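Peer 1: Position chains E, B and L against the provided structure of chain H, taking the given hints into account.
Protein chains: 4
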Amino acid sequence: MNITVWNEYRHEKENPVVTDIYPEGIHTCIAEFLEGDDHVVKTATLDEEEHGLTDEVLANTDVLVWWGHKAHDEVKDEVAEKVKQRVLDGMGLVVLHSGHFSKVFKKLMGTSCDLKWREADDRERMWVVDPTHPITEGLGEYIEIEKEEMYGEHFDIPAPDELVFLSWFEGGEVFRSGATFKRGRGKVFYFRPGHETYPTYYHKDVQKVIQNGVKWANNEGTPKNVYGNSQPLEDISEK
Amino acid sequence: MNITVWNEYRHEKENPVVTDIYPEGIHTCIAEFLEGDDHVVKTATLDEEEHGLTDEVLANTDVLVWWGHKAHDEVKDEVAEKVKQRVLDGMGLVVLHSGHFSKVFKKLMGTSCDLKWREADDRERMWVVDPTHPITEGLGEYIEIEKEEMYGEHFDIPAPDELVFLSWFEGGEVFRSGATFKRGRGKVFYFRPGHETYPTYYHKDVQKVIQNGVKWANNEGTPKNVYGNSQPLEDISEK
Amino acid sequence: MNITVWNEYRHEKENPVVTDIYPEGIHTCIAEFLEGDDHVVKTATLDEEEHGLTDEVLANTDVLVWWGHKAHDEVKDEVAEKVKQRVLDGMGLVVLHSGHFSKVFKKLMGTSCDLKWREADDRERMWVVDPTHPITEGLGEYIEIEKEEMYGEHFDIPAPDELVFLSWFEGGEVFRSGATFKRGRGKVFYFRPGHETYPTYYHKDVQKVIQNGVKWANNEGTPKNVYGNSQPLEDISEK
Amino acid sequence: MNITVWNEYRHEKENPVVTDIYPEGIHTCIAEFLEGDDHVVKTATLDEEEHGLTDEVLANTDVLVWWGHKAHDEVKDEVAEKVKQRVLDGMGLVVLHSGHFSKVFKKLMGTSCDLKWREADDRERMWVVDPTHPITEGLGEYIEIEKEEMYGEHFDIPAPDELVFLSWFEGGEVFRSGATFKRGRGKVFYFRPGHETYPTYYHKDVQKVIQNGVKWANNEGTPKNVYGNSQPLEDISEK
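Residue numbers (my numbering), protein chains in the order written: chain H, 3 to 241; chain E, 3 to 241; chain B, 3 to 241; chain L, 3 to 241.
Hint data in this document are derived by calculation from the structure and do not stem from the laboratory.
Only a predicted model underlies this, so the values are computations on that prediction, with no experimental measurement involved.
Ideal Cβ placement from N, Cα and C applies to all residues, glycine included.
20 Å max Cα-Cα, derived SDA-like pairs, lysine to any residue: (1) LYS15(H) <-> LEU48(H); (2) LYS105(E) <-> GLU80(H); (3) LYS72(B) <-> SER232(L).
Covered stretches of chain E (chain H as the covering partner; in silico rule of three or more C-beta atoms under 8 Å from a C-beta of chain H): (4) 106 to 116; (5) 165 to 176; (6) 181 to 191; (7) 232 to 239.
Chain H on its own, in the form it takes in the complex (with noise of 0.2 Å):
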């Protein structure tokens, strides 16, 4: 399995809060704990030439992780639009906490993908409500997350394919953190963790599900799908 981290890579080179949790980029830290079997992982940032996406680079992506953040805006529509393509013609998208709002994203919801939000260390505990899920393997019924920023419904986003993890909230909010989405032939997979000023992926659960939504947002081979004018199957000339 091919897998690209995608980041936007600004928040760790302007606040040295970012820069000391992750020195060398969010995307570098997420790569690292997804190495291992027989997967290739690779980075790319907007920074990069059309932010280190290029067709190639698509094509040779099985899994697509994806954090962004404040520069949303920045990345160009045709860029935002191929990986939309892909991900209609296969590839996985692990879309990651501030990624909700992500030109990628909120194209293939078709929504707003708008929600409450507030940064004040409240404490986060994310249940498992689908446990035959294998996003959830090697879990316990619930994550534990000492400080994160709030993300609070309503959530404007379809009614996801599966609800794997509902979150709740020191400050009395509710969120549903986890959830999958199946466009074309790509698998989506939305994850609310992740707020840059905490050090939320060096927790080994949430490292134990991004590990687990890469595995199954990865498209192994299903049918490839001929649109268009078609001629009968069955004999209909006799009418």
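Peer 2: Just chains E, B and L, lined up with the frame of chain H:
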């Protein structure tokens, strides 16, 4: 309820076969069978200014019915975007037949919305697969249409929230012909039949479904959401 | 619409705390706020003959509301089975609170319907996660209940057809508190609140949800199905 | 993975047509094409003691495949109940063809599971409608079966979690032929084809689907749930 029936209104002016069937346009035919009860039904067409879909018209529309085919590209992007936003804000949308390829529907679905098709006078039999659904009120177990254009799977849409009708076609194909989708505060119903060269919109059961669909799609006052930065509802100060 | 409110009616006779809150039984309280419009509302209780659910009562019930808790086992199997069959045949069912463990609900779900619980005066905040749903008509973004029994995930139900409410509890849990399920021609709405030691059914928003739920569950005439050996609808003789 | 293939094994002993096709029983045919990789495949049949499904066999089965037809009633209630509980506890279940009417499947669905049927050598064409699903790996856009028993809608099941295949039948019907359901910690796949008088289980694509289905249904270690009275995870003492 305020209903607006939108039609591209081109085939009827250019193809005598279609003119004979719908002399005053498909929109007029549909508007007529939607009248009654307390409904106010208006129409709008592509060649009117702003395609007949001004801010005022949209603000005063509870449910929009959409028929388009050969001129999807002529619908201005800003109008398509406004219609989409109005759906997310609570307007119902009933998309008919070749409207599957309209800008509005594709934006709301996030997929290509592509399919197989054939104009060969196939017989269509549309089976009810959800006999709890209010859209099926008053129907029998299936609707039979003597001749129609074939639409076949794979239909590249997200898994519908509710699958209501499945079509059988004489030439050997099947199709998810009636499907509902929630987007934001808006309800969307896609309904397959209605190729312009057949008198499908005079079929009593087809009319019944569209009447039911409009009624179902009408949002009578569900909660408005507040998004963005949000104060805690519980005390989190003593951490 | 003919509504029957069924109640176990035991706590109210045995526990003075409950008697004080619901002196004439939970069923009477619920029946009162369901009256109005063209509704005919009746009640039935466990200790009546056939638990008040004779064939005639069931045949004349469009929507059944169910509250039970400590005496689920005393409901006769044949009555539970008859109620289930009537749901499959089109009767709506609104299952409240501890009714999650009733024979009828478990038969319709096929799962254990188990959950976590605690009686400790938790505050509950029930968030609307589906703001298109008619069951949420007239509500705000959430319903707050000062003190309630806690119900927590994992709730062992099939993935609901529609998830309407999610609860936050003070003690750290979440719960899928409002969920819809279609079974046969019947519509089922599970709604969490209503522990007998709290005055929950006097809460205006809780009443509104149950009123909306009953209206939603009413099947106004969808297709009846024919099953079994079936003649071909198309000629298959010349193979 | 430990697989057990269960078969009623009656038609093969009583009807020479079936004996000719499956001389060692349908279970043996299925077991043979499921062998390989690290799978251990065993069989069990109705006339064995406890129908071959002792506690030990069930405890050591990861995925159970079920074929039954004329003797559903002879399956003991307590065995059916044990199998159901084992599914809720994580065992995968692949239900084939007339197994739709088995006690186990009906208990898990909560509906009648009724349908239309006809034995008239209809041609069946099973279309893939979910080209992301691992159960469709290695297939084309449809599977064609020259002659099969017809199963037609309405199929009285809950709306599936995932709809994978839709069948077209020569006589004019359609059917939801491949559908998945999650129940408790168990995954259930219903797959339509396989009437005993046709050599359907020698069809390479049918075999591929069952191989994929077994692999999909295998639960490799998702969370076990704790139910019942539960201590608060957050401090609620100072209210």
